[in-house]
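Each protein sequence line maps, in turn, to chains A and B.
If you're matching positions, the first sequence starts at 1 in our numbering and goes up one per residue.
If you're matching positions, the second sequence starts at 1 in our numbering and goes up one per residue.
No wet-lab data here; the hints were simulated from the structure.
Keep in mind that the hints are not guaranteed to be accurate.
Unchecked claim - Derived contacts from chain A toward chain B, CB cut-off under 7 Å, selection only:
no., residue
1, T16
2, I30
3, L64
4, P114
5, H201
6, N261
7, A262
8, T264
9, L291
10, L296
11, L301
To be verified - Taking CB as the label site, the calculated pair distances span:
no., chain 1, residue 1, chain 2, residue 2, range
12, B, D47, A, E76, 39 to 45 Å
13, A, T339, B, S379, 35 to 41 Å
14, B, T173, A, P177, 56 to 62 Å
15, A, N112, B, G188, 49 to 55 Å
16, A, L136, B, R136, 44 to 50 Å
17, A, P210, B, D267, 53 to 59 Å
18, A, R11, B, Y11, 40 to 46 Å
19, B, D284, A, L343, 45 to 51 Å
20, B, A189, A, A68, 22 to 28 Å
21, A, L136, B, R271, 34 to 40 Å
22, A, N46, B, R15, 50 to 56 Å
23, B, R305, A, P177, 34 to 40 Å
24, B, Y11, A, R4, 36 to 42 Å
As the list claims (entries may be wrong) - A few chain B residues facing chain A, derived, Cβ under 8 Å:
no., residue
25, L19
26, T20
27, D112
28, S238
29, P282
30, Y296
31, Q307
32, L310
33, L316
34, C318
35, N321
Glycine included, every Cβ here is placed at the ideal spot set by N, Cα and C.
Now for the letters of each chain:
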Amino acid sequence: MEIRPILSTLRRHKLTASLLTLQVALTCAIVCNTVFVTSLRMARMNLPSGLAESELVMIDSTDLASGANPLVRHQEDLAALRDIPGVKSAAAVDALPFSGNDWSNGIQTKPNEPPQLSASAFNGTPEELETLGLHLIAGRSFLPDEYIPEDSAHGYTGIDHVSATIVTRSLAKQLFPGENAVGKIIYVGAGPTTIVGIVDHLLRPSLNQPDSVERSMLFPMLPDSNDVTYVLRTAPQDREQLLKTASDVLKKLDANRVLQNAQTFTQLRNHYFQRDRTMIGLLLASMLGLLFVTALGITGLANFWVQQRHRSIGIRRAIGATRGDILRYFQTENFLIVTFGVLLGVILAVGLNLLLMKHYELPRLPLYYLPIGAVALWLLGQLAVLAPALRAAAVPPVEATRSV
Amino acid sequence: MFGYYLNLALYSLKRSPVLTGLMVLAIGLGIGASMTMITVLHVMSDDPLPGRSTQLYYPRIDPQPLGRGDTNPHSGDNLTWPDAQNLLRANRAERQAAMSAGSAAVYPVSGDGQPFFVPGHYVTADFFPMFDVPFRAGGGWTREQDQQRARVVVLGADLKRKLFGDAPVLGRTVHLKDADFSVIGVLGAWHPQPKFYADLDHGAFDKDDQFFLPLQTALDLSLAFRGQLSCWGSGGDSRKGPDCTWLQFWVQLATPAKAQAYRQFLDDYWRQQQDHGRFPRPVDARLYDLMSWLAYKGVVPGDVRMQLWLALGFLLVCMINIVALLLAKFLRRSGEISVRRAMGARRRDIFVQLGIESALIGMAGGALGLLVAELGLWSVRQRPDAYAHLAQMDAPMLFGTLALAIVASVLAGLLPAWRACRVPPALQLKTQ
């Protein structure tokens, strides 16, 4: 296909052609960055929590009687819950990923020094690791004699006496870079605490700080306030049924309590990321709208050019051009315009990304987005120009003999 | 002349319905998408207390040890109990109040039926007059009652209706957790959004509080608190200790001069505490007015702003699209324009005529854009997010949308109209 006649035609429509080029360029820049932002959000939404998410359900229980001993109450409740058919394991805990209840403590690696960083505490009964499905990658689980009460009645001072902790891989790396953290001593409360094990993943209760979502540590401390969360592990298909049964069992055992937030872990995660999903929806809708408008623009202009050149198309056909020649002419013309647009668009995309990086702490746009964006716009352009180009190809040679 | 141009424009638009449709669609989508985002941002960043907000300030004094919380710039935003007590006692502002979120089991008045949890706030006396909280009945409590740990409660309108129906409630008793409280006030309609006075790190667009109790009473009865409790050091009763931040604090200062004086007072307080071995960080007391506090706390997340820019980019692309299409459309009519010019129409007449045509497209596009935006906002409202139900267009936004659409399309029509009216008539007519 001869390109020179196309170029010279475009030169005669310099303004219109460059507007179309600019539109393609901006579309390319915006779409690349939108897809990038969306993918970052999706990555955040899909962070592994470290838990056996599809097998967990939980219920918050608040005991209203103030005289009862919460430790005894929790044991009775757990025993009754474990008796429900289908329950693989049950634990009482005070925090879960995405639950929002965050108890963070400063950690020192040497006594009497300012804390280096703070991490979220997860406390629970001895079945916690097994029930949550946490994956221990080094060290050991807690020993039965390491368990002490949180002592919530006196400001959670259990933290001053607890002797062992299990940390996430990420926290271990931050505390002791390049070293084996198992066996190391840290200071969280008043006394020394030994790291006895490391788990693969455990997300914090809230992900407010994007650079430290896995600063979590488990303590062998028994929840002993009137508020507690019971976590049950079961087969995925039994979850809904189990929630109902478990609520009934707890109510029957002691009616003087309030049960709240009976839900599966999947629901908890979905709830936590609701806003992100709204935003992704809005972003994707705008992006599709943008692509649609750009396609409309291309179709509209191509249509117009076909009408305008009706006679010259007829002349070309009359002197021997085939339908295919005409079709390819318009396709090539579109390809050229989109190519100019994409070249400019790649520069704009990087520029827009730099601007967003400066103002919104966005990471750098990975370079592979650019060729993908380019190909997408080429395809879009070809698709948009197809109908007008076919119409042009259908112009009969006799058109050449007709006057305007 | 205007009527004639309008007729011409309508005729021309009807002549190429597909192209007209495309332009209307393009501007409609662009306007719709950007107005949806602008409205969401607008409702999220609105002033929660218009009229009063300029007098409200949040003092930030950070008692944490050095090196702590460096990864989280907001871990020093709350106050400790002793510092809040000291600021209350100093009484340097016209009004001041300490507060924290809480929740409590509320028992139905009739005695049977299950207790249920509702969100509430534990506050000190000045809370109500300072925030100009409207009361339907009764009122708040006094500073003396704060000190006496009075068992009094102010109910939100919803909880009042749930417990008592339409009956008068002042002086009646409500059972919360394990204590009785005497109802001394019922709120009128009060829905500040965002809930600026709460711990903003934990849901700025939360449900309305349904009860208010004196802070000291809540501490005495160990009611359940909500929000961040951030501690260092150890030992002691953590909520009352000097090493745990968890309280929000607001002051009312009528003039900037008073605000300046209060900031000075905070600096002095910091130094004075340093003499007692507290506040190891370099003196850096801050005093945020309400709107800057919201900005500082990032109530409107950066990503919503970013999306606004992307939506405006979308609008820009739509405008370029329309410029290109209008250009094509107008230049195609060079012959007709040349005839009009040859018959005596001035360039300005042509320009106005084409401008009216662009404005017509803009109006149609604006109407479509309103529909698209309403659809977008409707879909946002279907989301269960806390702020989603706020996503509604008010009258200024409505007119803003139409104005934006018309301005955008007239702007988009300027260049094509200018090009079209510069077509040399003689040349065009000759080639015909």
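Please test the hint of 49 to 55 Å on the beta carbon pair from A/N112 and B/G188.
holds (54 Å)
Using Cβ atoms only, decide whether A/H201 comes closer than 7 Å to chain B, and label the hint accordingly.
violated (19 Å)
Quick one, is the A/L296 hint okay against chain B at 7 Å, beta carbons?
holds (5 Å)
Given B/Y296 as an interface hint, is the shortest Cβ-Cβ distance to chain A below 8 Å?
Constraint on B/Y296 not satisfied, violated at 15 Å.
Between A/R11 and B/Y11, does the beta-carbon spacing fit 40 to 46 Å?
violated (33 Å)
Have a go at the A/T264 hint: is there a Cβ in chain B nearer than 7 Å to its own Cβ?
Where the cut-off is 7 Å and the nearest Cβ of chain B is about 16 Å from A/T264, the hint is violated.
Under the criterion of a CB-CB separation shorter than 7 Å, is A/L301 in contact with chain B as hinted?
holds (6 Å)
Does the interface hint hold: is B/C318 within less than 8 Å of chain A, judged Cβ to Cβ?
Status holds, d = 5 Å.
Given a cut of 8 Å on the nearest C-beta pair, is the interface hint for B/N321 held or broken against chain A?
The hint holds - B/N321 has a Cβ within 8 Å of chain A, the shortest such distance being about 4 Å.
Identify whether the interface hint at B/T20 stands, where standing means a beta carbon of chain A within less than 8 Å of its own.
Constraint on B/T20 not satisfied, violated at 10 Å.
Starting from the hint 50 to 56 Å, judge whether the C-beta atoms of A/N46 and B/R15 obey it.
Check passed, 53 Å falls within 50 to 56 Å.
Do the Cβ positions of A/L136 and B/R271 conform to the proposed distance bound of 34 to 40 Å?
This hint is violated: roughly 50 Å between Cβ atoms.
Checked against the numbered hints above, the structure breaks hints 5, 6, 7, 8, 9, 12, 16, 17, 18, 20, 21, 26, 27, 29 and 30 and satisfies the rest.
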